[in-house]
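Line order of the protein sequences matches chains A and B. For the first sequence, the numbering used here assigns the number 1 to the initial residue and increments by one for each residue that follows. For the second sequence, the numbering used here assigns the number 1 to the initial residue and increments by one for each residue that follows.
What the hints contain is simulated information worked out from the structure, not anything from laboratory work. Each residue gets a CB set at the ideal place from its N, CA and C atoms; glycine is no exception. Watch out, some of these pointers could steer you wrong.
[Stated by the list, open to error] Below, computed lysine-lysine pairings styled on PhoX-like, alpha-carbon distance capped at 25 Å:
(1) A/455 x A/510
(2) A/573 x B/37
(3) B/201 x A/556
(4) B/81 x A/676
(5) A/111 x A/100
(6) A/538 x B/134
(7) A/455 x A/384
(8) A/556 x A/607
(9) A/538 x A/510
(10) A/607 x A/538
(11) A/538 x A/455
(12) B/234 x B/134
(13) A/60 x A/100
(14) A/207 x A/237
(15) A/130 x A/100
(16) B/42 x A/573
(17) B/81 x B/134
(18) B/134 x B/84
(19) A/207 x A/155
(20) A/556 x B/42
(21) B/238 x A/538
(22) B/201 x B/115
(23) A/630 x B/37
(24) B/201 x B/134
[As the list claims (entries may be wrong)] Residues from chain B shown here face chain A by an in silico Cβ test under 7 Å; the list is partial:
(25) 170
(26) 174
(27) 178
(28) 182
[To be verified] Computed list of chain A residues with no C-beta within reach of chain B, every gap over 12 Å:
(29) 475
(30) 623
(31) 651
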Amino acid sequence: MAETGAVRRNWWTGLTIAATIIAMIVATLVATAFLLPLLRRPARAADPPGAECLACHGDKTMTTTRAGKTVSLYVDGKKFGTSVHGSLGCTGCHADLEGKDFPHEKPAPVKCGTCHTTEQEQHARSLHGKAIAHGDSLAPRCVNCHGNHDIVPVKDARSAVAPLKVPFVCGQCHREGTTVSRNRPIPQDNILENYSESIHGEALLKKGLSVAPNCATCHTAHLILPHTDPASSINRKNIAATCTKCHTQIETVHRKTIRGELWEKQANVLPACPDCHQPHKIRNVFYAQGMADADCMRCHANEKLRRARDGQSMYVNLAEVNHSRHSEEPGRLRNVACSQCHSEVNASRVRPCETITRGVDCTACHDEIGKMYATSIHGQLNGKNDPNAPTCKECHGTHGILGKQDPQSSTFAMNVPVLCARCHREGQKAAVRYTGLQHEILSNYTESIHGTLLKNGLTVTATCTSCHTAHQILPRTDPASSVNANNVPTTCGRCHHGIEEQFENSIHAKRVSGYSKPLPVCNDCHTAHAIHRTDEDKFRLNVMGTCGRCHEEIAKTYFDTYHGKVSKLGYTKAAKCYDCHGAHDVRAVTDPRSHLSRANVAATCGKCHAGATRRFAGYLTHATHHDPRKYPFLFYTFWGMTMLLVVTFVVGGVHTLLWLPRAFQMRQELRAAEEKFAAELDAPAGKDKEGTDAS
Amino acid sequence: MPHDRRQFVRFSRLQRILHICMIVSFITLALTGLTLKFSYTKWAAVLSHLLGGFENAGYIHRSAAVIMFGVFTTHLVDLYKLKKREHSSWLSLILGPGSMMPNRRDLTELVGTLKWFVGRGERPAYGRWTYWEKFDYFAVFWGIAVIGSTGLTLWFPVFFTRFIPGSFLNVATIIHSDEALLATGFIFTVHFFNTHLRPEKFPMDITVFTGRMPLEELERDKPKEYEELVASGKLEEKMEEPYQPIVIQTIRAFAWTALTVGFFIVLWIIYAMLFAYR
Numbered sequence: 001m002a003e004t005g006a007v008r009r010n011w012w013t014g015l016t017i018a019a020t021i022i023a024m025i026v027a028t029l030v031a032t033a034f035l036l037p038l039l040r041r042p043a044r045a046a047d048p049p050g051a052e053c054l055a056c057h058g059d060k061t062m063t064t065t066r067a068g069k070t071v072s073l074y075v076d077g078k079k080f081g082t083s084v085h086g087s088l089g090c091t092g093c094h095a096d097l098e099g100k101d102f103p104h105e106k107p108a109p110v111k112c113g114t115c116h117t118t119e120q121e122q123h124a125r126s127l128h129g130k131a132i133a134h135g136d137s138l139a140p141r142c143v144n145c146h147g148n149h150d151i152v153p154v155k156d157a158r159s160a161v162a163p164l165k166v167p168f169v170c171g172q173c174h175r176e177g178t179t180v181s182r183n184r185p186i187p188q189d190n191i192l193e194n195y196s197e198s199i200h201g202e203a204l205l206k207k208g209l210s211v212a213p214n215c216a217t218c219h220t221a222h223l224i225l226p227h228t229d230p231a232s233s234i235n236r237k238n239i240a241a242t243c244t245k246c247h248t249q250i251e252t253v254h255r256k257t258i259r260g261e262l263w264e265k266q267a268n269v270l271p272a273c274p275d276c277h278q279p280h281k282i283r284n285v286f287y288a289q290g291m292a293d294a295d296c297m298r299c300h301a302n303e304k305l306r307r308a309r310d311g312q313s314m315y316v317n318l319a320e321v322n323h324s325r326h327s328e329e330p331g332r333l334r335n336v337a338c339s340q341c342h343s344e345v346n347a348s349r350v351r352p353c354e355t356i357t358r359g360v361d362c363t364a365c366h367d368e369i370g371k372m373y374a375t376s377i378h379g380q381l382n383g384k385n386d387p388n389a390p391t392c393k394e395c396h397g398t399h400g401i402l403g404k405q406d407p408q409s410s411t412f413a414m415n416v417p418v419l420c421a422r423c424h425r426e427g428q429k430a431a432v433r434y435t436g437l438q439h440e441i442l443s444n445y446t447e448s449i450h451g452t453l454l455k456n457g458l459t460v461t462a463t464c465t466s467c468h469t470a471h472q473i474l475p476r477t478d479p480a481s482s483v484n485a486n487n488v489p490t491t492c493g494r495c496h497h498g499i500e501e502q503f504e505n506s507i508h509a510k511r512v513s514g515y516s517k518p519l520p521v522c523n524d525c526h527t528a529h530a531i532h533r534t535d536e537d538k539f540r541l542n543v544m545g546t547c548g549r550c551h552e553e554i555a556k557t558y559f560d561t562y563h564g565k566v567s568k569l570g571y572t573k574a575a576k577c578y579d580c581h582g583a584h585d586v587r588a589v590t591d592p593r594s595h596l597s598r599a600n601v602a603a604t605c606g607k608c609h610a611g612a613t614r615r616f617a618g619y620l621t622h623a624t625h626h627d628p629r630k631y632p633f634l635f636y637t638f639w640g641m642t643m644l645l646v647v648t649f650v651v652g653g654v655h656t657l658l659w660l661p662r663a664f665q666m667r668q669e670l671r672a673a674e675e676k677f678a679a680e681l682d683a684p685a686g687k688d689k690e691g692t693d694a695s
Numbered sequence: 001m002p003h004d005r006r007q008f009v010r011f012s013r014l015q016r017i018l019h020i021c022m023i024v025s026f027i028t029l030a031l032t033g034l035t036l037k038f039s040y041t042k043w044a045a046v047l048s049h050l051l052g053g054f055e056n057a058g059y060i061h062r063s064a065a066v067i068m069f070g071v072f073t074t075h076l077v078d079l080y081k082l083k084k085r086e087h088s089s090w091l092s093l094i095l096g097p098g099s100m101m102p103n104r105r106d107l108t109e110l111v112g113t114l115k116w117f118v119g120r121g122e123r124p125a126y127g128r129w130t131y132w133e134k135f136d137y138f139a140v141f142w143g144i145a146v147i148g149s150t151g152l153t154l155w156f157p158v159f160f161t162r163f164i165p166g167s168f169l170n171v172a173t174i175i176h177s178d179e180a181l182l183a184t185g186f187i188f189t190v191h192f193f194n195t196h197l198r199p200e201k202f203p204m205d206i207t208v209f210t211g212r213m214p215l216e217e218l219e220r221d222k223p224k225e226y227e228e229l230v231a232s233g234k235l236e237e238k239m240e241e242p243y244q245p246i247v248i249q250t251i252r253a254f255a256w257t258a259l260t261v262g263f264f265i266v267l268w269i270i271y272a273m274l275f276a277y278r
């Protein structure tokens, strides 16, 4: 009555509308009264052919003999009349009997596909249809499941293929003891029985939950294919899609790393639904029990178990597994069953593991880490089947795997350097193939500030993985590497955040200087592995050489002035490069924020020279007396002093050299006089005076 | 007279003490200072380490400088006393007999000496102070003034830059270090030769330590002074008994040490200048 909503206050309008409505209702009633008999007429019109057939086939005693068997030819006319096909009459399906005289011959098999083309086509492709094509007499046709004259819509509870009945329809053949189960290769046993006890069967059969899956829900109604067929709904590739038709959010109850899409994209890697939830036996219990560890341990608890292929021990220490991160112990992850890692097991085999073709793939759960690993140098090498490439288990172990927070774990911070050093220590396989500049990595690290702190138990200090990452390890030369020059400040800044901030605003940051040549990053001054405290003598005395690698001239002239000279003599207190220029916040001296800007320089000098003034800061810390243009004062002072020296030494030297011959002469005369005098001492006293005069 | 055991006293006790203090402080200053000047040689690092590190060497250097200033001041006071005792005015002290001030006679003696060197004349009859002794005296006088003033500037840079620009510290550094190089170089070569190593005195003249010299030596080396003393009859006043042998031996040991250290410093300077200079 949409019109009522439109009723206006104006009563004239209201009256008109009411009249119209009444008129319409009356017209409808009259029309119905005339049309009803017309609608019934076609049904009545079909009656005669049906009635004609039922004249004979309505007799319950009507039989015939086929292959020596008495077969009833009775057709329940009432049921047929109410079936979906009732309106078609007998010849709608038995088209070959149209116009035949009675008694007619055995009719040709009914071709449902004439109308049900899609179903017919699917059935023909299905294993049932193919079996029929091969002439398998046991193969079911439409009639075997759907019945014949009493077919009602599937939604009708009376239908032979109503959800509640499907298990029994299929079970006609697929249950123990039938001809089919005995003579045809069907991999599953006790299908009907298992199903009826499963969570699905229980819901459907005992509780009458018609939406619970029956056989056709998984196997489809008509396109039933063996699970080995890629097109099959229960093929490994498709089973997830099949199950998730109902279990749409199932990934949420699984590990968060398993996303629904992975089941479809990486069906080869992941365990498929039935690996855990065995077909037909699906229980409403934790699925690991579907393929219980106990089943595996029946064999693998044996310490002497060896693999036939290569004699490798296949013993599994259950205690180790139970202590691992994958166990159910409090504080650890939820239980992870053997079959979750060792996928491809087939629970229906006596040795479920015999179907395994691949090793454990951790990325089934640890997908993101797997992707990282694949891009890392370790993963790249592994991709090339390099025997040296470490996989998950080389670092993390296998059954006894522990979390990195566990002090016992090989990946616990304090154990990481030793773990990596297994390959990266000098002489080991990774160090041997390494061609870079870093050597004695482990010992350098151990003696470094990071290594020292780690030894003292500070687990948050940097270990190998802090800088190189755990799973995305790449060589320094790779732009994506965490230790690539462009990424080093960020990497170090993860801990040294404040310093990174300073550095990113310093002249050494590319963003600030816009310099195209390589600029120094953390490790260029602090080294990569042998990082020492910067207040240690070694660092303070070497830093000029470090800065001087790039600032060659300025470092050289530094050594010409006081600070440099005393530093050369090992004096650590004298100002080093960064004492004046700043360490991480080094800026161009023209930058007002520089420690050496006009506004700041006196304070910078004042750090050591209390009371320093701007004029004091006029001391030239990088002066050289060899540059007449830049430092004319020093140049001419130096040369003036040098001239003074040269002149003085030349005059003094020449004077001395000229003196030498005379001095020798005097020495000889003196000696002669002394000898004479000594001789005269022995002689008579009267000669004394004469001797003296003679000299 | 040869038989008179007594010797002529050339230097007063104070002058001798000042000379010893001067030697100690000068060698110390030279050693500690040159480590800084030649900091780029391995020698310097070793020496600096032996002196207890650079910081320690710095303290030693400044302590020695204080001694040097003390010597300088004492000498000035001594001059003042001399003026009061023997002269009416400073001018009379400076121009009077026995003064260190070079005069016309020194020029004549210099020319005469050069002639004697080349065999064109007799050896001049030198007086109390020869011209080279006067040169040595003023070299030290000048040196102490120049090195001392620049040294003080570098010692108290914050104070001095209240009056002078900061870059004058660089200039002061060059003057201080090069003047010191001149002083050490000159003292340990020319002065050593002139007064100690001259062949006729070789190996050593210890007059400056004992203050005494044989009369015949005075007669030979300073004939004019000898004649003047004889003429004025004041010679007897200046004759004293020589020191005991043990004193002489001690003095010789000290003098030899100073001489050796000086000699090695010269070698070090030559090495640094020739092979490692920059």
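Given hint residue 134 of chain B paired with residue 538 of chain A - CA-CA distance at most 25 Å: 51 Å, violated
Restraint status (C-alpha distance of residue 201 of chain B to residue 115 of chain B at most 25 Å): 22 Å, holds
Agreement of residue 238 of chain B and residue 538 of chain A with the hint, judged by alpha carbon distance not exceeding 25 Å: Since the Cα atoms of residue 238 of chain B and residue 538 of chain A sit roughly 63 Å apart, the hinted pair is violated (cutoff 25 Å).
Straight-line alpha-carbon gap residue 81 of chain B to residue 134 of chain B, limit 25 Å: Satisfied, since the Cα-Cα distance of roughly 20 Å is no more than 25 Å.
Residue 201 of chain B paired with residue 556 of chain A [C-alpha distance capped at 25 Å]: 47 Å, violated
Satisfaction of hint between residue 84 of chain B and residue 134 of chain B, Cα-Cα up to 25 Å: 22 Å, holds
Pair hint outcome, residue 556 of chain A versus residue 607 of chain A [Cα-Cα no greater than 25 Å]: 24 Å, holds
Restraint status (C-alpha distance of residue 538 of chain A to residue 455 of chain A at most 25 Å): Given that 25 Å is the threshold and the Cα spacing comes to 21 Å, the pair holds.
Hint check: 7 Å Cβ-Cβ cutoff, residue 178 of chain B to chain A: 4 Å, holds
Residue 475 of chain A non-interfacial with respect to chain B [C-beta, more than 12 Å]: 40 Å, holds
Distance restraint between residue 42 of chain B and residue 573 of chain A, which requires alpha-carbon spacing of 25 Å or less: 20 Å, holds
Given as non-interface: residue 651 of chain A, partner chain B, CB spacing beyond 12 Å: 9 Å, violated
The structure is inconsistent with the numbered hints 1, 3, 4, 6, 7, 9, 14, 15, 21, 30 and 31, although it conforms to all the rest.
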